[in-house]
Amino acid sequence: MTTPIAVCARNLSVDDASLLKSIFALRPERWNWTVSAEEAQWWVVDVDTCKERDKFPNSACRTVLALATDFSRMPYPHWTFIAKPLRSQRVLAVLDHHLARVSAREHPWSNSEVSLKRWPDMPRFKASPDLIYWCNELLHQPIAYRQLLATVPKQALDAVLEDAERHQYLIRRPETQRTTATAIPTAWRRLWARWTL
Amino acid sequence: MTEQPSSLDPRLQRIAFIGPFGVGKSTAIRTVSDISVLGSEAEISPHVLHDDIASGKHLTTVAFEYGEIRTSDEERFALFGLPGQDRFEHMWRMLIPSTIGVVLLLNSQDSMDVCETWLSRLADYAPHGNLVIGVTRLTQVSEAALQPYRALLTQHGASGAAFAIDPRKTEEVRCAVIALVAMHAWRSRRAVTAE
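Chains A and B, in that order, give the protein sequences.
For the first sequence, position 136 (counting from the first letter as 1) is numbered 136 according to my numbering, and the numbering increases by one without interruption.
For the second sequence, position 36 (counting from the first letter as 1) is numbered 1036 according to my numbering, and the numbering increases by one without interruption.
It is possible that part of the hints are untrue.
[As the list claims (entries may be wrong)] Taking beta-carbon pairs under 10 Å as the criterion, some of the chain B residues facing chain A (in silico):
| hint | residue |
| --- | --- |
| 1 | Leu1146 |
| 2 | Leu1153 |
| 3 | Arg1174 |
| 4 | Trp1186 |
To be clear, the hints were calculated from the coordinates, so they are not data collected in a lab.
Yeah, the Cβ is synthetic: ideal placement off N, Cα and C, and Gly gets one too.
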C-alpha cells in the first residue's frame, strides 16, 4: 500500500474543489485532502481569490498547482499554472508530470534495470526471504526496478540498492522491454512462508 | 562412488555447516533447527587444547551433528555440522557432494590463510559451488571487514556470498540458509534450461 500524498486546497470554490478531487481520484495514487497547509506536500491555490502572497511561505519545497484565469497573475515562477475554467486533460497532464518527477527524484533507478556484481551482506538488512531470493537473481540477470517492487517491500529493496550503489556493486542501465522477473519456485515457498523474517 | 541421497529423495535437501573448531557450527544449527539437534560430541583433551578449555568450550563434534528445518510433513532441510579436523575428511567426502550448499563459518579473528585453506579443501568436495561464508565474531560489521573474504571467493572462482553472522542469531543464520536455497534454485533452473 503506497503512502498517501497530502494535498491542501483551502481557498478553492466548492465546484473547483469537487472537480479536482474527482480528477485526482482517476490516478492510482492515494490522496489525503487536508486543510493544514503545513502538513501538505502539495498545495492547490486559486490565485484569483488569493490576496496575500505571504500566506504561502515555504512553497518552494512543495508542489504547488496554481489555478488562475490568466498566466500573468502567477505570483511565483515555480508554481504550476492551470488555466481556469478547469479542464480534466490539463490537470491530468500536470499530475503525470509532477508524479513522474517526484518518482525520478526519489529513486534514480526507478526507470532502470538493476543487477548486482556481488552479494550484499544480507543479515545487515534484515532481509525477507523474497529479497534474498531476488538478490541472487540479480547476480545473474538485470531486472527492472519496477518489477522488483511488485515482489518485495520498497523500503527493503531501496536499502539494498542504495548500499549497492554506495559500495559500487550495483549495475544500472535504462529499462528495456525484454527483462522479466522469474517467479519464485513454488517448492521453496513453504520455507519462505515459515521464515518471513 | 559417492552416494547422492538428495537426488534420490527430492523432499530432503541437505545443507552442510563447516568451519574451524569452536567457530559456532553447532550453535548455528541449533539456532535454526526445528528438532533437537542430534550430535556426537566428545570432551576435548585438556592436554591438546588448553586455550579452548580456557575459553569455556569443553566439547567438540567428532562425527557430525544433525538438525532439520521442516517446511511441511514431507519436505525437510537436513542440516549437517561437520567436524573440521583432517581425520574426519571422510565425512566431508560422504556428505558434502550430496548437499545443495555449504555454510563455511570462519572466525574473523583468524588470519585469511585459514579462509584460504578452507576454500581450497572445499573445492574438492563441493562441485555445486553454492557457498556462504559466515564471518563470526566481528567487533564491527562493515563492508571493509568482509572485503577480504569476497576477494578470496573471487580468487577461487566461487560465486558465493560473504555475510557477517552471529551463530546465536536466528535471523542471521536463516539468511545464510535462504541464500543457499536461492543459489540452488537458480542452478537447478539453469540445469533444466540447458537440458
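Consistency of the hints with the structure:
1. For Leu1146(B), the shortest C-beta to C-beta distance to chain A is roughly 6 Å, which falls under 10 Å, so the interface hint holds.
2. Proximity of Leu1153(B) to chain A holds as hinted, the smallest CB-CB distance being about 9 Å (cut-off 10 Å).
3. Interface restraint check for Arg1174(B): the shortest CB-CB distance to chain A comes to about 5 Å, inside 10 Å, so the restraint holds.
4. Because the beta carbon of Trp1186(B) sits about 6 Å from the nearest beta carbon in chain A, less than 10 Å, this interface hint is met.
The structure shown violates none of the earlier numbered hints.
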